[in-house]
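2 protein chains.
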Amino acid sequence: MRIGRLGEFGLIDRIARRLSHRRQGVVIGPGDDCAVVQYDKRRYQLLTCDMLIEDVDFTKRHDPMLVGRKALAVSVSDIAACSGVPAHAVVSVGLPATTTVRYVDKLIAGMNRVCREFNISVVGGDISKSEKLIIDVCMTGYVEKNRLVVRSGARKGDLLLVTGPLGGSRKRRQFMFTPRVKEARYLTQRPGVHAMIDISDGLIQDLRHILRQSNAGAFLFEQLIPVSSDARGLSGALYDGEDFELLVAVERRLAAKVLKLRPRDYFLIGEITDAAHGLTIIDKKNREHVLRPGGYRHF
Amino acid sequence: MRIGRLGEFGLIDRIARRLSHRRQGVVIGPGDDCAVVQYDKRRYQLLTCDMLIEDVDFTKRHDPMLVGRKALAVSVSDIAACSGVPAHAVVSVGLPATTTVRYVDKLIAGMNRVCREFNISVVGGDISKSEKLIIDVCMTGYVEKNRLVVRSGARKGDLLLVTGPLGGSRKRRQFMFTPRVKEARYLTQRPGVHAMIDISDGLIQDLRHILRQSNAGAFLFEQLIPVSSDARGLSGALYDGEDFELLVAVERRLAAKVLKLRPRDYFLIGEITDAAHGLTIIDKKNREHVLRPGGYRHF
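So the sequence lines, in the order shown, correspond to chains A and B.
Take 1 as the starting number for the first sequence in the numbering used here and just add one per residue.
Take 1 as the starting number for the second sequence in the numbering used here and just add one per residue.
Take these hints with a grain of salt, some might be off.
It does not matter which identical chain is meant; a pair holds if it fits inside one copy or across any two.
[As the list claims (entries may be wrong)] The list that follows gives simulated cross-link-like pairs (lysine-lysine, PhoX-like), each with its CA atoms no further than 25 Å apart:
{"#": "1", "residue 1": "Lys132", "residue 2": "Lys60"}
{"#": "2", "residue 1": "Lys60", "residue 2": "Lys285"}
{"#": "3", "residue 1": "Lys284", "residue 2": "Lys132"}
{"#": "4", "residue 1": "Lys145", "residue 2": "Lys41"}
{"#": "5", "residue 1": "Lys145", "residue 2": "Lys171"}
{"#": "6", "residue 1": "Lys60", "residue 2": "Lys129"}
{"#": "7", "residue 1": "Lys106", "residue 2": "Lys60"}
{"#": "8", "residue 1": "Lys129", "residue 2": "Lys171"}
{"#": "9", "residue 1": "Lys171", "residue 2": "Lys106"}
{"#": "10", "residue 1": "Lys129", "residue 2": "Lys145"}
{"#": "11", "residue 1": "Lys182", "residue 2": "Lys41"}
In case anyone wonders, no lab produced these hints; they're calculated from the structure.
All of these numbers come straight from a predicted model, not from anything done at the bench.
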């Protein structure tokens, strides 16, 4: 049987079940935005890795500065989704022998931008010969134990917020997005943030991860969803990937407070229900529709 | 200018110089077997990553169990080379859509073997579509501050030891080697271990890394070099890669003690000199020859 029959998420589930991860000190193993391990009395360490491959995630025509920037930024976004602060990274690079030194210099310059912005150090790496350009970044971060947010904590009645307009990012914003570290950290200053994920595979697909791992359902308000000017309408906002905005399930009172204090940074889009409700959207005429599955999948 | 003109190590130097790694808490940045960052009062954290690519490091005909095993074992070997103990890993995998579930299961089984042997947990990862199979492992480990060994501490008069026979491992042993965690930990129970590296690119090339980073020279005794039965004679032992034995510069008194107590685990092969001496080998007739450069390079 080929892996295509399992699908990307079936494959991830299967691997996660089979992997040996019984060591002491593992708080969250495979299957969330980051792995979480014990660090010190006050904090956990976060670990995440993300691989970009030429002709899958970018092409030779893309500015290498932006490719290098994105390679680190996607990992920063994963750290943000757990409410953490990034710290160190190691980078494995596969390079065709024909790559120019100028190209590599630009890749590095793009990485350095993210490092400066978020106070990250690239402390090591590995270089290998490869037919296609490959960049795999592994990043560590830290989060206070009482501020860790994972995918599995959403509760009935929580409000769903996103940190920015959605859709159409495949064109341009996928290389230019700002990882939402500040926005996540602002939210978790107070208790009441129950679940969080960064939107990399599309709003609906990533919301489904939260719902499945929280054993919950949700409804969205069509009129409230912030649609990016790059998106082809609502469908783009729901199903396009690589927005790298955060999707957050927040206790109602805290959500109301945040929406009032920071109306430009957080957008109300829906509400968590019990699992039996499934996932629906309420249109402008107040009719409720079941949302079809969809979003980006590798297989 | 293409990267081939810089060569692999020229390229690594250039990248290491340009990378931003000024964050507090970085003890050793790019250019050693592992990166070293502050952890707690007593210990440092080690970080390393290693990428295996189909048709560069292995082919489809190799048993996927052995490929999975090697993917983790090379990182364990890097942790060992800093005298550390491995802890957690995250794994990025690029897979062709035609890969079978059976193949992936075997890869995982190979990884689990290493996890069980060294008490490592694979805590997360990333899966991507790819034309060639790619496995990149990032591993963390810990080492007591007074037991950290890097490449740069070799001193004139130190003896050079290796942990096993060398050469010919491209055939078979590259997939079957045991990372030398125990051997490194045994050595660093006492002070006097000045520099260490794992032999991945060939004895001579990896010794040159120690010599350059320690500003030292060395001579080897041809008669003492343990040549693997798989190697094509001395040349294989000197220049073949992927032995994953440790090469260690040890203060004389400690070296003598270790060689007496554990004659099967450590082999004396030479001595550290000042840099002006260069790198030579003393043959069976007591004639000294300058060693030509050589070993495995990606570019």
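Right, here's what the structure says about each hint:
1. In this assembly of identical chains, the alpha carbons of Lys132 and Lys60 lie at most 25 Å apart whether taken from the same copy (10 Å) or from different copies (18 Å).
2. For the homomeric pair Lys60 and Lys285, neither the shortest alpha-carbon distance inside one copy (46 Å) nor that between copies (56 Å) is at most 25 Å.
3. Proximity of Lys284 and Lys132 under a CA criterion of 25 Å is satisfied in neither setting, with 47 Å inside one chain copy and 47 Å between copies.
4. Taking identical chains as interchangeable, the C-alpha atoms of Lys145 and Lys41 lie at most 25 Å apart whether they share a chain (8 Å) or sit on different chains (20 Å).
5. In this assembly of identical chains, the alpha carbons of Lys145 and Lys171 never lie at most 25 Å apart, being 37 Å within a copy and 48 Å across copies at closest.
6. Taking identical chains as interchangeable, the C-alpha atoms of Lys60 and Lys129 lie at most 25 Å apart whether they share a chain (17 Å) or sit on different chains (17 Å).
7. Taking identical chains as interchangeable, the C-alpha atoms of Lys106 and Lys60 lie at most 25 Å apart only when both belong to the same chain, with a minimum of 13 Å there against 34 Å between chains.
8. Taking CA atoms no more than 25 Å apart as the test, Lys129 paired with Lys171 passes between copies only; the shortest distance there is 20 Å, against 29 Å inside one copy.
9. Proximity of Lys171 to Lys106 under the C-alpha cut-off of 25 Å is restricted to the intra-copy arrangement: shortest distance 21 Å within a copy versus 38 Å between copies.
10. Taking the closest pair of Cα atoms, Lys129 and Lys145 never come within 25 Å of each other, the shortest separation being 41 Å inside a single copy and 34 Å across copies.
11. With identical chains, the CA atoms of Lys182 and Lys41 are at most 25 Å apart within one copy only, with a shortest distance of 24 Å there and 30 Å across copies.
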